[in-house]
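Enquirer: The residues making up each chain are set out below.
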Amino acid sequence: MRKVLTALAMVIIGLSQMATAVTSSEIMLDPRQDQRARSLYAEVRCVVCQNEAIGDSQADIAADMRREIRSEILSGKTDKDIREGLTARYGDYVLFRPRFSAGNLILWLLPLALVLLGASTLAVMAKTKRKTKTYDLDEQEQKALDDLINKP
Amino acid sequence: MIAELGTFCLALAFVLSVAQALVVPVSRLKLFAGFARLSEGLSLSAAVAMALSFAALLYAFLTSDFSVANVAANSHTSKPLLYKISGAWGSHEGSMLLWCLILLSFSAMVTLLGAGLPDSLKHKVLAVQGVLGAMFTGFTLFSSNPLARVYPAPFEGKSLNPMLQDPALAFHPPLLYLGYVGFSVVFSFAVAALIEGKIDRAWARYVRPWTLLAWSFLTVGITLGSFWAYYELGWGGWWFWDPVENASLMPWLAGTALLHAAIVMEKRDALKAWTVFLALLAFTFSMMGAFLVRSGVLTSVHAFAVDPQRGILLLIILFVTSGLGFALYALRSRALGSSGVFAPVSRESALVVNNLLLFAALSSVCLGTLYPLLMEATTGKTISVGEPYYLLTFGPIIGAALLLAPLAMLLSWKRADLKGVVQRLAAAFGVSVVCAVIATLGVKGIDVGGRIVFILGLLLGFWLIFGSFKMLADRVGLFKGTVTESRRRFMGLALGTHGMILAHVGLGVFVLGATFEGHARLSTAASLSAGASLTVGGYEVIFDGIRRYDGPNFLAEAADLTVRRTGGKPVCDAAPERRFYPASRQTMSEVAICFTPLNDLYFVLGESSLNAAGQPQWQVRALYNPWVRLIFVGPLLMALGGILSLLDRRLRLGVATTSKALKQEAS
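Residue numbers (this note's numbering), protein chains in the order written: chain R, 1 to 152; chain V, 1001 to 1667.
Since the hints were derived computationally from the structure, they do not count as laboratory data.
One or more hints might be untrue.
Label-pair restraints from in silico Cβ distances [claimed, not checked]: (1) V:Q1586 / R:M28: 34 to 40 Å; (2) R:M28 / V:L1441: 37 to 43 Å; (3) R:S39 / V:V1431: 54 to 60 Å; (4) V:L1029 / R:D138: 46 to 52 Å; (5) V:T1566 / R:L29: 20 to 26 Å; (6) V:K1158 / R:D79: 24 to 30 Å; (7) R:T78 / V:V1448: 28 to 34 Å; (8) R:T78 / V:T1382: 39 to 45 Å.
We treat Cβ as the ideally placed atom computed from N, Cα and C, and that holds for glycine.
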């Protein structure tokens, strides 16, 4: 019984298997090109996976997409061309780095805008505060104040 | 019978929570004067009822009572004991029950440890806790009761998702929830203060230990989750900027900002409105995390235990609680006022900048997580936001905060001498630069831009560590007096100071690990038949063969790998596995890791196939993860720092404090 189960399991394992991520046979000969390919692998989403880049994914389609990217690099296309080709086919969804477009302005600029806005507010506050001079009470003044406050 | 008793206890906890919420406002009527005090007893009894209810669920899991629907769906007789227990919170329903247990326990802790709190504040806090408790127990009771029966009872359970059958993940949800829900107390304190319309430095002192507690738990919880993802998912990474991971990072960032803001408020009586805002925000993000994870609005690797209908209920709870909290804030925050005046160069100013940067970083994570959802909901367009986005937005902002941290630690309160501090830190900075450059020398194959980011990242890590040590050295007068004198001073330092230094060293350690692993990781994959080998990062991995065996509730195929230095000594044996779980008909990859003190060699077993000669061969993926240990050790040090601070006499939970006492302490 155990053996039958094991055999069955192995068949199922075999069927459910997919290729592993970037294999040694996928390394490009030119190290420059290989570097470009790798950074693209990290940026392109495996369209059937859950939140995985094609460089990490073991799905067949990820391997296909990697192969495609390699052949496009070899044919002399720039990274920009390749990205545009991918979005034309799969939509914006395929890129983990959203495009810097009008629709995505808030996404890209809000964090930086918050920093700038906050910094300028702080700068203005510091300036206005410096105009109204303040100083800490000296010992005598503090004591007089405490006496006033604590008077029964 | 036990399950029915459990449901009854849950209902009881719900009713008691409602009562706890009601007695406080009702006590304003003459007829019910003095009723507010009842909230204390009610919080205790609600917690006991809740504990009994949870015990009933544990009992059902331990005895594999498959007439309980949740047990049938998530347990199995062949499952090891630990996973029978952790199965209790492995599902949506069970984890909500755990959430409620922790929430009501925190309310009880406010009662038990709050002897030093002014009565009116304490009762208002308990009333808000009661509202939260009633909502979450009500939600669990009416829409997700884990103790509901199923008829007919199945003969065998469906078992827990094998991915969740892991020691790290058994403890990940309780710790994470202790963090999430811990912020509920802070939220309640904020709402109570807004209702009172009065807030002082003592309030900051009350809130700080609760924040520290929640923050420490959350830190450990996130770390465990990340470690689990590292060795269980088999991708070799430890953080994927997955929405569910971000959902836990957001309350953590808000909590971190709150910790720092509360210090300013306590010391300088300033930043009141901002601190209250962050207190509301931290729990809002905690609830949002629960909503995002539990509603199924996200496609993510964590997409288990999802149900959109319940999601809507959770969303309503989120909107009602935070909505009311922030509405109250809008009405009352002006009245809180701030009396403190800052000098531009001072510790408090530096902490304000820290808060600004943390908040901007938080906004980046929040946008990246929610923007795709909003885009899809409004325009129907789907976009992806992943690591490249966060590295470009979150990265520089948090980098600036890290750069500032050692300066802030050495600046003194009120009026500081920036030039002096810079001079004192110059040596630490120089050493950091040298260390960072040396550390990157051995790493090849990175382009110029990548190398600059690499060096900058390491620089920040070393800078945090050496800057923290510089602060410690200054405090104990190292090299200034005798060793025994320094030792005496070291022992005499407040635990809060030790905690602060340790936490910042931990942060530096984490930054080192994350940067180094991110830039110097190597990976390779190949199809190997018995006797073949591959190389990765100066190691040779020899594939000895495949071994099959039967586990307690799975069937396994294991690859025996011998790892040795190329042309040198054997390092370790590794056996990555593929496991088939018949109960749930799922196949899982079990990673094998060769742990060295600092680096990991990480192996994943893939598919089998036949090679050209007709011999069977297996895909083996090998990763070399340098300095990866630091990624997990760093946050643990941070949490330890939090706990150390918590043990500080002045910061213990529920220590009696008044504004006056604070002032005396300061002087």
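Enquirer: Could you run down the list of hints and mark each one as holding or not?
Expert: Verification of the supplied hints:
The hint said 34 to 40 Å for the Cβ distance between V:Q1586 and R:M28, and at roughly 35 Å that hint holds. Between R:M28 and V:L1441 the beta carbons are some 26 Å apart, a value that contradicts the proposed interval 37 to 43 Å. For R:S39 and V:V1431, the hinted distance range of 54 to 60 Å is not satisfied, since their beta carbons lie about 32 Å from each other. Checked against the hint of 46 to 52 Å, the C-beta distance between V:L1029 and R:D138 comes to roughly 50 Å, which is consistent with it.
One distance hint, 20 to 26 Å for the beta-carbon pair V:T1566 and R:L29, holds here, with the actual separation near 22 Å. The hinted window of 24 to 30 Å between V:K1158 and R:D79 is violated, with their beta carbons roughly 47 Å apart. With their beta carbons about 19 Å apart, R:T78 and V:V1448 fall outside the hinted range of 28 to 34 Å. A hinted range of 39 to 45 Å for the beta carbons of R:T78 and V:T1382 is inconsistent with their spacing of about 25 Å.
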